[in-house]
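Peer 1: Turn these sequences into a full structure, and let the hints guide you.
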Amino acid sequence: MSVELGHFALAVALALGLALGVLPLVGAQRHDARLMAVAQPAAMAQFVAIVIAFATLIAAFVNNDFSVALVASHSNTDLPTELRVAASWGSHEGSMLLWSLMLSGWTCAVAAFSRTLSSVLRARILGVLGLVSVGFLLFLLFTSNPFERLLPAAAQGRDLNPLLQDPGMVFHPPLLYMGYVGLSVAFAFAVAGLIGGRFDAAWARWARPWTTVAWCFLTLGIALGSFWAYYELGWGGWWFWDPVENASFMPWLVATALIHSLAVAEKRGAFRSWTVLLAILGFSLSLVGTFLVRSGVLTSVHAFATDPARGVFILAFLVIVIGGSLILFAWRAPTIGAGNSFAPISRESMLLANNILLVVAMAAVMLGTLYPLVLDTLGLGKISVGPPYFEAVFFPVMAPALFLIAVGPLARWKRSELPPLVTRLRWAFAISVVSALLAPLAAAAAGVDGPAWRPLTSLGLAFGFWIIAGVVVAVTDSLRTPGRRFALAHAGSRARMQPASVWGMHLAHLGMGAFVVGVTLVNSYQISTELRAEVGHTIELGDYRLHFTGLDHVTGPNYDSDRGHFEVRDASGKLIAELHPEKRVYRASGQPMTEAAIDRSLLRDIYVSMGEPLGGTVWAIRAHIKPFVNWIWLGCVMMAAGGFLAVADKRYRRRLAQRESRAVASARA
Amino acid sequence: MRSLRFIIPLLLFAVIGLFLYKGLSNDPRKIPSPLVDKPAPAFSLPVLGADGRAWGPEEMRGKVWLLNIWGSWCAACQIEHPLFNQIASAGSLPLVGLAWKDDPAASTRWLERLGNPYTVVISDRAGRTAIDYGVYGAPESFLIDKRGVIRFKQTGPFSAEIIRDQLMPLVRKLEAEPGA
Amino acid sequence: MSDQPASVPVDEERLKALSEELRCLVCQNQSLADSSAELAGDLRDEVREQMASGRSDDEIKEFLVARYGDFVLFKPPLKQTTWALWAGPFALLGAGAGAWWLVQRRQRLANDAGRSTGAPAGPADKAGSDTAGPAVDPAEAAREKARRLLD
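Protein chains in written order, with my numbering: chain P, 1 to 669; chain B, 1 to 180; chain G, 1 to 151.
Be aware that a few hints might be false.
[Claimed, not checked] Some but not every residue of chain P turned toward chain B, in silico, with C-beta under 8 Å: (1) 291; (2) 330; (3) 334; (4) 374; (5) 376.
[Claimed, not checked] Just the calculated beta-carbon pair ranges, DEER-fashion: (6) B:15 with P:141: 52 to 58 Å; (7) B:73 with P:154: 51 to 57 Å; (8) G:58 with B:173: 36 to 42 Å; (9) B:106 with P:560: 22 to 28 Å; (10) B:22 with P:8: 36 to 42 Å; (11) P:495 with B:15: 49 to 55 Å.
Read the hints as simulated data drawn from the structure, not as lab findings.
As the structure is a prediction and not an experimental result, all values here were calculated from the model.
The C-beta atom is built at its ideal place from N, Cα and C for all residues, glycine as well.
Peer 2: Here you go:
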């Protein structure tokens with residue numbers, strides 16, 4: 001398949017996108033069923049076209065077609081096949097094509113699973129998605145054509161950036177984009193709703209599962225990125241408050257606020273205009289993130305090769321999409337209408353607080369990320385805003401939100417009383433305070449090396465255990481028959497009575513608790529060392545001894561590496577693990593890469609990486625002990641799992657429920 | 001009246017969008033030098049190939065001169081080097097080259113190949129003097145006046161336009177100033 | 001990674017902490033501690049030597065800022081141009097708290113005014129709404145009730 005076919009397919013996709021974007025919207029205004037009916041087939045056809053386009057690009061990579069410019073600059077015959085596939089999205093152009101593919105996929109999914117939506121609403125949603133796709137396809141075709149030819153063809157490619165030659169990096173962009181692009185569905189729902197002026201509970205109910213799934217993918221994508229950075233970059237860090245990381249974190253914060261806000265909108269009809277604004281904001285931040293990464297406006301380790309011309313295009317696109325939707329909001333939001341009222345102490349008021357806190361947190365991150373740009377533009381000098389700033393500012397803002405995680409699920413809708421809440425949570429409070437004070441003491445008593453006790457350690461642990469204990473309280477309460485004492489026999493049936501969405505919530509909150517505990521413990525008790533070591537040397541780190549037993553040479557498919565061998569023993573001399581970190585040099589690019597060796601467990605990671613060769617068998621070695629670091633990513637996975645569980649709730653599978661009730665009825669007949 | 005609230009998000013976006021647009025024409029990697037209009041830091045570095053003879057900026061007191069940080073490993077330095085050769089043959093501005101973190105043999109060979117426009121070439125192998133001058137990449141150049149004050153810093157290679165439109169007019173202005 | 005990591009003995013924890021606050025100028029957004037660039041190594045050696053000669057963290061930072069500008073600090077100094085940066089998040093937090101309180105107040109006033117549904121109940125300052133929306137239709141209301149019972 002030649003890439004010209006792919007190029008043509010993209011053009012077809014653009015035409016289909018225009019049809020999808022314009023006709024159904026016109027049809028919805030005029031209640032013209034034929035025009036509205038264009039939406040579904042157009043969406044599916046567009047998806048097929050983009051799949052074809054992407055397939056031709058992947059084929060070009062797999063077949064080492066170096067007459068395609070992208071393949072010549074990002075691939076190599078020595079690159080393993082699976083990485084050649086991943087290389088297709090390892091460049092700006094390829095990743096934009098991936099964006100378009102995902103957008104089209106989500107559009108298709110909405111077209112397929114929206115039979116129960118009114119045709120007017122469906123036509124509008126698909127229409128908005130179609131218009132967004134037109135923007136991306138225009139950008140692709142006019143400024144970032146992935147199918148450009150390189151003539152004469154190169155004899156060999158320049159190889160994929162070694163940083164990207166890794167399974168973590170293979171899956172990180174697709175997961176992340178699934179999240180970014182998934183937020184466009186909520187956005188389309190919001191805009192469609194604003195156009196139509198209808199925001200009843202049905203609107204919120206349709207929007208909820210789509211938004212939650214997008215949030216799950218975004219969570220996984222960010223977590224995978226962090227996990228990858230931890231083992232690939234060689235110095236054991238997992239979050240750097242880098243502008244591009246922040247660009248993915250801001251939509252996540254807003255998406256989290258959105259899924260909570262949708263819950264209120266669905267159940268109580270309140271917060272409707274706020275929910276609409278959040279939906280617009282979430283996708284807007286995804287787009288702004290795209291802009292930041294590709295325009296050269298901010299420096300980042302993640303930045304693609306930058307091109308201000310592209311930056312102008314994306315900015316224009318941003319202005320049209322975000323500006324347009326915000327104008328629509330300013331104009332139509334007054335017609336949205338209010339929902340039911342609620343008392344100062346109620347689940348609604350706590351979710352309102354949660355929303356406000358998350359948006360403030362997002363604004364704080366945005367402030368820090370854009371401030372250097374603002375000062376520079378105003379001619380007020382160049383400054384750097386890095387981790388010290390974000391850490392100082394982010395945790396105070398998030399702390400009240402963390403506190404509310406335990407309280408919110410226990411509060412009743414519309415009106416709740418404070419004294420019963422306090423009573424139910426008193427044990428949770430006690431546990432969190434006690435464990436926060438005891439844990440550092442226990443650690444010190446056990447002789448755990450590391451920095452002396454810091455107040456932040458206890459504070460972090462207090463919040464983490466508070467959240468976990470709060471979930472336990474909520475779960476045991478729900479398993480108890482009201483008014484009676486807890487009985488294991490009844491717990492099972494009570495558990496089944498709880499809908500999946502509630503269990504999903506508990507799982508996600510539990511994940512958050514695990515995350516907070518992991519972050520606190522790793523920041524407080526991690527130990528690092530950096531020194532010159534020779535074969536035969538033993539490095540002492542905390543309770544462990546690392547024997548540097550040997551060094552050898554490895555020839556990989558497209559790299560050469562020096563591999564060190566380490567035996568890790570505990571204080572008693574027992575062998576715990578054998579670690580083989582590598583320092584690779586990729587032949588095509590000459591770029592060096594550190595491959596750290598990590599012995600992982602739930603309680604700690606032992607992390608060794610090779611720095612620079614210092615002559616002979618002497619190397620600069622970095623080693624870390626990272627206690628509980630895996631709780632960070634396990635917490636994220638639990639959060640995403642909770643989200644998926646919530647979406648699996650029968651409530652959303654109306655057909656399934658109807659079928660079941662019909663089956664029961666016919667069985668009885 | 002209350003519905004004016006709904007315009008707030010749009011206004012905020014307009015402000016942010018404006019900054020993003022302005023930001024496109026910025027270069028976030030260019031760091032302005034805080035050393036302009038401050039005295040050039042003193043140093044004592046060995047002259048290239050002169051077996052240990054030391055040289056310092058005080059030897060240029062009373063003259064307007066250009067300190068150029070370069071290296072044989074630096075690709076961009078080759079872009080501006082022909083322009084320096086022209087300046088040297090015209091005699092319009094004394095040039096002092098500082099070979100930064102460079103192997104002296106490699107520096108010498110590079111100059112033999114590409115021409116030596118410098119009145120003197122000094123070697124900063126450890127890079128400490130460069131740090132003193134706030135150097136973070138090569139090439140960088142400092143225009144220093146008769147009293148030893150840095151008056152202009154060029155980050156990155158010179159172009160003919162910059163030399164013609166910014167550097168030389170300033171040189172003429174500084175030449176007219178009284179010496180120390 | 002410095003070439004001679006143990007050449008000049010200093011408090012390594014202190015060196016690491018300070019290096020994490022300083023920016024590697026030739027990297028894309030990395031700290032001196034994390035970077036393997038040559039200039040970063042030179043700067044780390046410079047910091048190490050200054051520490052060994054007894055300079056304080058603040059003096060070392062001043063030394064670098066005098067040569068490279070505020071850009072070299074990852075923790076922006078509190079100046080006239082940066083007070084908006086440092087005060088911003090806390091001001092926003094205050095504004096958020098204010099917004100929350102305002103919404104509660106409006107709710108309370110509405111509840112006091114009458115028990116009718118459709119009382120103004122918009123959240124947050126950005127998107128308050130006080131026109132009563134279209135009445136929720138009865139079938140919806142019944143379904144809502146059922147769902148609420150399940151929760």
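Peer 1: Against each hint, give a clear statement of whether it holds in the structure.
Peer 2: How the hints compare with the structure:
no.: 1; hint: 291; result: holds (7 Å)
no.: 2; hint: 330; result: holds (4 Å)
no.: 3; hint: 334; result: holds (4 Å)
no.: 4; hint: 374; result: holds (5 Å)
no.: 5; hint: 376; result: holds (5 Å)
no.: 6; hint: B:15 with P:141: 52 to 58 Å; result: violated (31 Å)
no.: 7; hint: B:73 with P:154: 51 to 57 Å; result: violated (26 Å)
no.: 8; hint: G:58 with B:173: 36 to 42 Å; result: holds (38 Å)
no.: 9; hint: B:106 with P:560: 22 to 28 Å; result: holds (26 Å)
no.: 10; hint: B:22 with P:8: 36 to 42 Å; result: holds (38 Å)
no.: 11; hint: P:495 with B:15: 49 to 55 Å; result: holds (51 Å)
Violation of the numbered hints given earlier is confined to hints 6 and 7; the remaining hints are satisfied by the structure.
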